[in-house]
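Participant: Single-letter residue listing:
2 protein chains.
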Amino acid sequence: MTLKGKLKIDSVLLEKQAIEELHDKSYYGRIKGDTLEISLPESAFLIYMGKIRVEFEEKEIGFEDFFLMASSLLKNFELLYIVYKDLRERGYYVQPGVTGFRVYPRGGHPGKTPAEFFVFVTSERIPLLLSQLRLHLETVGNLKKRLVVAIVDEESDITYYEVKKTSPSGTYVSGLRKGLSKASLLEDRVMVWDYDASLALQKDGFFGKPMDEGHLQLSLIEACYLLKKDILEIEDRNHMVLDFKMFAETASRIESDFMIKYAVYEKLRNEGLAPKTGFKFGTHFRVYKKIDDMKKLPHSDYLVHAVEQGHIFSLQQLSRAVRLANSVRKEMIYGTADSQVDFLIIGRMRL
Amino acid sequence: MTLKGKLKIDSVLLEKQAIEELHDKSYYGRIKGDTLEISLPESAFLIYMGKIRVEFEEKEIGFEDFFLMASSLLKNFELLYIVYKDLRERGYYVQPGVTGFRVYPRGGHPGKTPAEFFVFVTSERIPLLLSQLRLHLETVGNLKKRLVVAIVDEESDITYYEVKKTSPSGTYVSGLRKGLSKASLLEDRVMVWDYDASLALQKDGFFGKPMDEGHLQLSLIEACYLLKKDILEIEDRNHMVLDFKMFAETASRIESDFMIKYAVYEKLRNEGLAPKTGFKFGTHFRVYKKIDDMKKLPHSDYLVHAVEQGHIFSLQQLSRAVRLANSVRKEMIYGTADSQVDFLIIGRMRL
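Those protein sequence lines, which keep their order, are chains A and B. Using this note's numbering, read the first sequence as starting at 1 and increasing by one per residue. Using this note's numbering, read the second sequence as starting at 1 and increasing by one per residue.
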């Protein structure tokens with residue numbers, strides 16, 4: 001039997017009978033007095049399924065016309081519809097909100113279990129502000145739900161990503177003494193000239209890369225860390241000694257985001273992790289949780305990219321980063337720094 | 001025996017004996033009258049190898065001091081040295097130039113064979129202009145050599161990429177009649193409502209994605225192509241018919257780089273290729289060379305990203321794109337459009 005409803009500004013109102021048939025049995029819509037109010041994506045889905053018929057200004061409108069009207073009435077209607085339909089067809093109960101959906105766990109439904117996920121729906125074309133993502137995480141976290149971002153691409157394929165706060169840590173500890181050696185800051189990297197110090201930095205701290213026997217190259221980040229820990233003294237090419245502030249200033253002229261990268265690097269080192277450059281993966285760092293034997297280096301565990309607080313994700317780039325990380329069995333983590341360093345882990349999700 | 005030389009502004013001049021020992025036997029440097037002139041990277045390498053000793057202002061300078069001086073004298077000296085040393089140690093004969101090296105094929109050397117590669121040396125930190133890359137390609141192409149870009153990362157690891165012009169083509173032909181159907185432009189995608197047309201577009205042209213049975217979603221790019229080919233008529237939500245120009249203008253408001261993407265898409269289609277969105281790979285298109293059976297879709301062959309003429313590559317992003325493409329066994333291609341569409345293929349190279 002097909003139920004009847006009327007299209008209002010941003011919802012459809014269904015007759016009383018729908019409360020029992022659609023709400024009580026299948027968890028569609030919200031009860032409003034004697035009627036059932038259903039959202040536009042729910043309505044389109046129910047029209048498509050042949051469960052309801054909708055009138056507008058006393059005239060019945062079919063799926064095509066309803067879709068065109070809803071698309072004019074509700075921003076991102078198509079995106080919401082595509083994701084709503086996908087979730088329903090995967091067997092989830094879904095409650096629509098303004099920017100996304102509350103989704104119940106498999107086997108759960110309203111009244112039985114709390115919703116497990118909040119699914120935020122967006123398009124690959126819409127840049128995603130880090131601050132907005134944090135706000136969602138906060139809200140969703142307070143409600144003890146998990147945050148899922150559903151990104152609809154231009155061909156209407158959906159990719160689901162779960163976003164979580166994380167505190168990565170490991171068991172790597174470097175054992176280097178203070179005042180180990182001195183090093184030279186060249187154009188945009190640092191060189192250690194002493195044979196023994198080069199060896200120790202590599203073996204006992206996983207720092208640098210040998211340029212040849214006895215000469216070790218350090219990245220600016222590594223050198224800055226070793227300078228701050230008083231392990232290395234650093235001179236410029238004219239043999240002027242640089243303190244931490246001077247070194248950091250020079251490095252920031254070479255790389256504008258140096259201090260953010262540095263803060264993330266230091267935090268990772270402090271948490272027992274060993275970060276090295278992630279250039280080959282297109283990120284700032286690849287990170288090892290544990291290294292037993294420097295000669296048999298394991299695969300790294302995380303790819304970490306440092307971003308500023310005001311960062312805006314291009315979803316195309318986010319997609320590429322997560323895809324690449326997962327294709328080499330690593331997890332993709334974004335690190336941000338202000339008074340403290342925070343990490344977000346973003347992973348593809350198979351719902 | 002150690003040969004002696006003197007450091008001049010940007011090279012080292014070696015005594016006559018070096019001509020026979022270093023130039024004639026091992027192809028170092030260039031003969032200048034009675035002396036052998038060698039570049040700074042060559043000099044550092046020969047000092048390190050213990051083959052030459054170098055004086056500056058009547059005093060011998062060791063490897064460390066030479067390195068510091070050379071780093072002050074020659075821009076990117078460290079990068080050039082690192083790459084020079086790597087190539088030599090891999091057994092290649094190398095002739096240094098200003099921005100890179102002419103490299104002889106394995107088994108070849110100056111006088112016997114022409115150089116095979118021109119290796120352009122840069123750092124991950126230096127953005128690479130597409131126009132600069134084209135210029136290199138032109139020059140190197142005129143000399144009938146292959147262009148290699150050596151990118152040195154912050155930890156001095158080198159990744160070699162070969163850059164080539166390419167003209168991708170395939171055997172995919174779509175068979176769709178003119179005036180097939182009409183479709184509606186919604187917010188940022190297009191919907192075909194007719195059951196038979198939806199099926200034909202999918203089956204005979206590899207266009208769109210079914211939203212549900214009988215309704216097909218097209219991307220803006222696909223819709224624009226079908227409009228231009230007179231296969232589809234497109235209306236907006238108020239049933240106003242849009243011509244190609246109007247549609248392209250609307251699409252360009254939604255995606256600022258729409259016309260570049262479109263030009264590349266059209267060229268690919270015209271060359272017998274089937275492009276679909278590459279969003280999951282972080283690029284504009286994934287491209288199929290051949291499709292025998294729409295139900296058993298093969299893996300796509302290329303990832304294609306459309307860029308404007310003034311594009312500046314971030315080497316980190318380039319690295320990520322090529323790495324991801326190769327990890328899923330595809331080739332990474334960049335397409336640009338002005339009066340015509342050109343393609344560059346960039347691949348990791350194992351020297």
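No lab work stands behind these hints, which were simulated from the structure alone. Take the hints with a grain of salt, since some may be wrong.
Same chains, same label: a pair holds when it works inside one copy or across any pair of copies.
With a straight-line cut-off of 27 Å between C-alpha atoms, the simulated BS3-like cross-links for lysine-lysine are [what the hints assert, rightly or not]: (1) K165 / K289; (2) K51 / K209; (3) K229 / K178; (4) K280 / K164; (5) K59 / K330; (6) K296 / K85; (7) K75 / K209; (8) K32 / K229; (9) K209 / K25; (10) K330 / K280; (11) K165 / K295.
This structure is a prediction, so every number in the text was calculated from the model and none was measured.
Participant: Does each hint hold? Answer for all of them.
Facilitator: Outcome of the hint check:
no. : hint        : verdict
1   : K165 / K289 : within (18 Å within a copy, 42 Å between copies)
2   : K51 / K209  : between (67 Å within a copy, 24 Å between copies)
3   : K229 / K178 : within (7 Å within a copy, 72 Å between copies)
4   : K280 / K164 : both (25 Å within a copy, 21 Å between copies)
5   : K59 / K330  : neither (56 Å within a copy, 53 Å between copies)
6   : K296 / K85  : between (49 Å within a copy, 25 Å between copies)
7   : K75 / K209  : between (53 Å within a copy, 21 Å between copies)
8   : K32 / K229  : neither (65 Å within a copy, 50 Å between copies)
9   : K209 / K25  : neither (65 Å within a copy, 31 Å between copies)
10  : K330 / K280 : both (13 Å within a copy, 17 Å between copies)
11  : K165 / K295 : neither (33 Å within a copy, 40 Å between copies)
Violation of the numbered hints given earlier is confined to hints 5, 8, 9 and 11; the remaining hints are satisfied by the structure.
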